[in-house]
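Below are the chains, spelled out letter by letter.
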Amino acid sequence: NAGVTQTPKFQVLKTGQSMTLQCAQDMNHEYMSWYRQDPGMGLRLIHYSVGAGITDQGEVPNGYNVSRSTTEDFPLRLLSAAPSQTSVYFCASSYRDEQFFGPGTRLTVL
Amino acid sequence: AQKVTQAQTEISVVEKEDVTLDCVYETRDTTYYLFWYKQPPSGELVFLIRRNSFDEQNEISGRYSWNFQKSTSSFNFTITASQVVDSAVYFCALSEAHDMRFGAGTRLTVKP
Chain A
1 NAGVTQTPKF
11 QVLKTGQSMT
21 LQCAQDMNHE
31 YMSWYRQDPG
41 MGLRLIHYSV
51 GAGITDQGEV
61 PNGYNVSRST
71 TEDFPLRLLS
81 AAPSQTSVYF
91 CASSYRDEQF
101 FGPGTRLTVL
Chain B
1001 AQKVTQAQTE
1011 ISVVEKEDVT
1021 LDCVYETRDT
1031 TYYLFWYKQP
1041 PSGELVFLIR
1051 RNSFDEQNEI
1061 SGRYSWNFQK
1071 STSSFNFTIT
1081 ASQVVDSAVY
1091 FCALSEAHDM
1101 RFGAGTRLTV
1111 KP
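Listed in order, the protein sequences are those of chains A and B.
Using the numbering used here, the letters of the first sequence correspond one by one to residues 1 to 110.
Using the numbering used here, the letters of the second sequence correspond one by one to residues 1001 to 1112.
Note that these hints are calculated values from the structure, not bench results.
Every residue gets a Cβ at the ideal spot worked out from N, C-alpha and C, and that includes glycine.
Among these hints, one or two may not hold up.
[Claimed, not checked] From the derived model, a few chain B residues whose C-beta atoms are all more than 10 angstroms from chain A:
{"#": "1", "residue": "Ile1011"}
{"#": "2", "residue": "Thr1030"}
{"#": "3", "residue": "Glu1044"}
[Unchecked claim] Label-pair restraints from in silico Cβ distances:
{"#": "4", "chain 1": "A", "residue 1": "Ala82", "chain 2": "B", "residue 2": "Ala1097", "range": "28 to 36 angstroms"}
{"#": "5", "chain 1": "A", "residue 1": "Glu98", "chain 2": "B", "residue 2": "Thr1005", "range": "16 to 24 angstroms"}
{"#": "6", "chain 1": "A", "residue 1": "Pro61", "chain 2": "B", "residue 2": "Gly1062", "range": "35 to 43 angstroms"}
{"#": "7", "chain 1": "B", "residue 1": "Ser1074", "chain 2": "A", "residue 2": "Leu79", "range": "40 to 48 angstroms"}
{"#": "8", "chain 1": "A", "residue 1": "Thr108", "chain 2": "B", "residue 2": "Ser1042", "range": "17 to 25 angstroms"}
{"#": "9", "chain 1": "A", "residue 1": "Gln22", "chain 2": "B", "residue 2": "Lys1003", "range": "29 to 37 angstroms"}
{"#": "10", "chain 1": "A", "residue 1": "Gly16", "chain 2": "B", "residue 2": "Val1013", "range": "40 to 48 angstroms"}
{"#": "11", "chain 1": "A", "residue 1": "Ser80", "chain 2": "B", "residue 2": "Pro1112", "range": "43 to 51 angstroms"}
All chains, please: the whole structure from these sequences, using the hints.
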């Protein structure tokens, strides 16, 4: 099993550009989530999904969109990137409240 | 909303010393899970332990041990005989029905 995979590993955007961070898992977990990690603040939940077709907002959802068309994939979209979205993004899937994290995407918005 | 506080921002010890990382949480739910994760310099998040709110038994795994006390809302983590490879940022986290909140993390440096 590959576990949770994320692409790309690194990305640089200009303010106002859009992009999608990809996340996939092969463990057939119903629950998936996106976090951002900023220095000194730990990880904060952006959006989560409890199954295909169901998504909900987390602690810091503004500026991000998600969709869940399949159990395996949970992409995170930035429609108009802002410098405040410079961060490391982690995707996770979970089973019985144990989270399995992807390797992260380091995003810089100039 | 739930909250996790890791008051120790940075800790530095010399190899073979014991070190305890503190974690205090706030929640109104009676059912919740507590976690510890390790983030080494390479950046990935490594799962260490999960405890549910109904199990207050302390746990030991090799040099690692965890002390869960509901009376003080604490879930502290002790590393015995620390090693240089233990150097990392350690996160405590609280999960209620899939809403997971992390503490700000404690950066542990173990010097040889």
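Tested hints:
1. Consistency note on B/Ile1011: stated as away from chain A, and its beta-carbon is indeed over 10 angstroms from all of that chain's, at 15 angstroms minimum.
2. The beta carbon of B/Thr1030 is kept farther than 10 angstroms from every beta carbon of chain A, the shortest such distance being approximately 15 angstroms.
3. The claim that B/Glu1044 lies off the interface is violated: its Cβ sits roughly 6 angstroms from the closest Cβ of chain A, which falls inside the 10 angstroms cut-off.
4. Restraint check, A/Ala82 to B/Ala1097: a C-beta distance of roughly 30 angstroms satisfies the suggested window 28 to 36 angstroms.
5. In this structure, A/Glu98 and B/Thr1005 meet the distance hint of 16 to 24 angstroms, their C-beta atoms being roughly 22 angstroms apart.
6. Distance hint for A/Pro61 and B/Gly1062: a CB-CB separation of about 39 angstroms, consistent with the stated range 35 to 43 angstroms.
7. In this structure, B/Ser1074 and A/Leu79 meet the distance hint of 40 to 48 angstroms, their C-beta atoms being roughly 41 angstroms apart.
8. For A/Thr108 and B/Ser1042, the Cβ-Cβ distance of about 19 angstroms falls inside the hinted range of 17 to 25 angstroms, so the restraint holds.
9. Taking 29 to 37 angstroms as the suggested C-beta distance range, the pair A/Gln22 and B/Lys1003 conforms, at roughly 31 angstroms.
10. At about 46 angstroms, the beta-carbon gap between A/Gly16 and B/Val1013 stays in the expected band of 40 to 48 angstroms.
11. The given range of 43 to 51 angstroms is respected by A/Ser80 and B/Pro1112, whose C-beta atoms sit roughly 48 angstroms from each other.
Of the numbered hints listed earlier, the single one contradicted by the structure is hint 3.
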